[in-house]
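> Here's the letter readout for the chains.
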Amino acid sequence: MSKLSVENVSRQFPAPRGGAPVPALLPVDLTVADNDFLVLLGPSGCGKSTLLRLIAGLDRPTTGRILLDGRPVSAPGPDRGMVFQSYTLFPWLTVADNIAFGLREKGLDEASVKPIISDWLERIGLAGFGNHYPKQLSGGMQQRTAIARALATDPAILLLDEPFGALDNQTRGLMQEMLLSIWEKQKKTVIFVTHDIEEAVFLASRVIVMTARPGRIKAEIAIDLAHPRHYTVKTSSEFSALKARLTEEIRSEALLAAHV
Amino acid sequence: MKPLEPISFGARLALGLLFFVVFVAAWSLATFGGFVSKTFLADPLTMIDEGRILIVRYGFLGDIAITIWRVVGGFVLAAAVAVPLGVLMGAYKPVEALLEPFISFARYLPASAFIPLLILWAGTGELQKLLVIFIGSFFQLVLIIAVTVGGTRRDLVEAALTLGAKDSRILTRVLLPAAGPQIAETLRLVLGWAWTYVIVAELIGSSAGIGHMIIDSQALLATGQIIFGIIVIGIIGLVSDFLFKALNRRLFAWSTL
Numbered sequence: 001m002s003k004l005s006v007e008n009v010s011r012q013f014p015a016p017r018g019g020a021p022v023p024a025l026l027p028v029d030l031t032v033a034d035n036d037f038l039v040l041l042g043p044s045g046c047g048k049s050t051l052l053r054l055i056a057g058l059d060r061p062t063t064g065r066i067l068l069d070g071r072p073v074s075a076p077g078p079d080r081g082m083v084f085q086s087y088t089l090f091p092w093l094t095v096a097d098n099i100a101f102g103l104r105e106k107g108l109d110e111a112s113v114k115p116i117i118s119d120w121l122e123r124i125g126l127a128g129f130g131n132h133y134p135k136q137l138s139g140g141m142q143q144r145t146a147i148a149r150a151l152a153t154d155p156a157i158l159l160l161d162e163p164f165g166a167l168d169n170q171t172r173g174l175m176q177e178m179l180l181s182i183w184e185k186q187k188k189t190v191i192f193v194t195h196d197i198e199e200a201v202f203l204a205s206r207v208i209v210m211t212a213r214p215g216r217i218k219a220e221i222a223i224d225l226a227h228p229r230h231y232t233v234k235t236s237s238e239f240s241a242l243k244a245r246l247t248e249e250i251r252s253e254a255l256l257a258a259h260v
Numbered sequence: 001m002k003p004l005e006p007i008s009f010g011a012r013l014a015l016g017l018l019f020f021v022v023f024v025a026a027w028s029l030a031t032f033g034g035f036v037s038k039t040f041l042a043d044p045l046t047m048i049d050e051g052r053i054l055i056v057r058y059g060f061l062g063d064i065a066i067t068i069w070r071v072v073g074g075f076v077l078a079a080a081v082a083v084p085l086g087v088l089m090g091a092y093k094p095v096e097a098l099l100e101p102f103i104s105f106a107r108y109l110p111a112s113a114f115i116p117l118l119i120l121w122a123g124t125g126e127l128q129k130l131l132v133i134f135i136g137s138f139f140q141l142v143l144i145i146a147v148t149v150g151g152t153r154r155d156l157v158e159a160a161l162t163l164g165a166k167d168s169r170i171l172t173r174v175l176l177p178a179a180g181p182q183i184a185e186t187l188r189l190v191l192g193w194a195w196t197y198v199i200v201a202e203l204i205g206s207s208a209g210i211g212h213m214i215i216d217s218q219a220l221l222a223t224g225q226i227i228f229g230i231i232v233i234g235i236i237g238l239v240s241d242f243l244f245k246a247l248n249r250r251l252f253a254w255s256t257l
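Chains as they are written, first to last, in the UniProt record's numbering: chain S, 1 to 260; chain L, 1 to 257.
Treat the hints as calculated values from the structure; they're not laboratory data. Be careful, since some hints might not be right.
Some but not every residue of chain L turned toward chain S, in silico, with C-beta under 7 angstroms [stated by the list, open to error]:
no.	residue
1	L61
2	G151
3	T152
4	E158
5	G164
6	D167
BS3-like cross-link-like pairs, simulated, lysine-lysine; straight-line CA separation at most 25 angstroms [said to hold, decoys possible]:
no.	chain 1	residue 1	chain 2	residue 2
7	L	K166	S	K106
8	S	K3	S	K135
9	S	K3	S	K188
10	S	K243	S	K218
11	L	K38	S	K135
12	S	K185	S	K114
13	L	K245	S	K114
14	S	K106	S	K3
15	S	K188	S	K234
Simulated coverage check for chain S against chain L, where a stretch passes if three residues somewhere in it have a Cβ under 8 angstroms from a Cβ of chain L [to be verified]:
no.	stretch
16	80-87
17	95-107
18	126-138
19	147-157
Note that the Cβ used here is the ideal one computed from N, Cα and C, for glycine as well.
The whole structure should be built from the sequences, with the hints applied where relevant.
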């Protein structure tokens, strides 16, 4: 049985000043299996973030429905962890308290929260930073904490909306490796939104290419590079071939998008 | 000078003091130099001497205490109602829709114009003074706090929702802590305004307080005393502002990192 199924889901935004409604996402069907690492790839404005927000429950679809483990999604919840593109750590909480946010909302007692915090600090390489405030961290460290915060409550599925988009190239590479190693160890179900082709190929087990506005699914490409993936895979011929193929798929869409 | 270029702490202090010196020098020149009649403007030395007499002979410290009590009392009352109400308006749009238009209207009603009415309703006692401060600061506080809370970053609220925070918990777990430093800054700002209202309240129908002393001195043409009173208000304002700032920095250390 599939973990997540998106059935005939579309989203229209109400028209500004009585014009025709703006379609952001045309009806989409999508199933995501347990332990899948799905990447939604497309040019900006293709509705990939809209689709992710619908899955998160932060927005409601105009048509269709979304099922997670057979239950319809109607509102945001801790079973779908989310990492945003903007830095959304709570600036008034320390790194440790940020990681513990979801656990405390769940009502866990402090004795069980403590070990989870130190465990995650270790895993994201921020042991010793537990008492720092977000403003004292670099962008990469903040996004690592945001990933830990989203995973601390052990959600059924992790949603990431261009989480490394604002980071420099080197940091971004390291973050991809960290995320991948967490996924390889924990076998989470992940949906990752990006417009970066290399990032998509490196991370995904499956890439969904989306079309320019209004968004719909254009192609689905399996990435069967072996795990654990090492960063050196990025220079392999297999990797280049996949990248070239996705580049072709995306290019036509980007051209369309640029004319809009 | 380069635009936006920071300066050292020492230079900042020296420049800040320099202008006080320039101010007193210009005042001394005008009075000691005989450019302005003593009847209209006392010189700095006369002012200090009259201030000394006020304190020693006429119990001016008591007036100061009463005025401070009125400002703090009226302001605390206003804040105690305005902060919760402003937070609710910022957080819940129906509450805002209900109250915002009226409060925007009430904000423009000048507190000083209520004084005759308030004397009619509450007499010339302490309650009337507190009510003037209350009216003067309450509506401003509510509106600014509502805007502050309403302007909380949406993505922080969304992050909390995806972490399992219930709608009812968003207020205490996200909106309040996020708006905390701005609310504290608003309180500091409006406290400064409360000082102008208290003096106006004391100018009319009052038997004690700094404003009352100023009106008495006017009858005696004691400009030295008037200026002394005004300067005392300025100093109290400066000190309370400084303390408030220090408190905010301690309470919300995360926001000034």
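> Each of the hints needs a verdict: does it hold here or not?
Hint by hint, here is what the structure shows:
1. L61: Violated: closest Cβ of chain S sits about 41 angstroms from L61/L, beyond 7 angstroms.
2. G151: Violated, about 15 angstroms.
3. T152: violated (11 angstroms)
4. E158: holds (5 angstroms)
5. G164: holds (3 angstroms)
6. D167: violated (9 angstroms)
7. K166/L <-> K106/S: holds (10 angstroms)
8. K3/S <-> K135/S: violated (36 angstroms)
9. K3/S <-> K188/S: holds (11 angstroms)
10. K243/S <-> K218/S: holds (16 angstroms)
11. K38/L <-> K135/S: violated (57 angstroms)
12. K185/S <-> K114/S: Answer holds: K185/S to K114/S is near 22 angstroms, not above 25 angstroms.
13. K245/L <-> K114/S: violated (34 angstroms)
14. K106/S <-> K3/S: Within the cut-off at roughly 23 angstroms; holds.
15. K188/S <-> K234/S: holds (23 angstroms)
16. 80-87: Since 5 is at least three, the answer is holds.
17. 95-107: Our answer is that it holds, as 4 residues pass the Cβ test (under 8 angstroms) against chain L, meeting three.
18. 126-138: holds (count 3)
19. 147-157: Our answer is that it holds, as 3 residues pass the Cβ test (under 8 angstroms) against chain L, meeting three.
Checked against the numbered hints above, the structure violates hints 1, 2, 3, 6, 8, 11 and 13; every other hint is satisfied.
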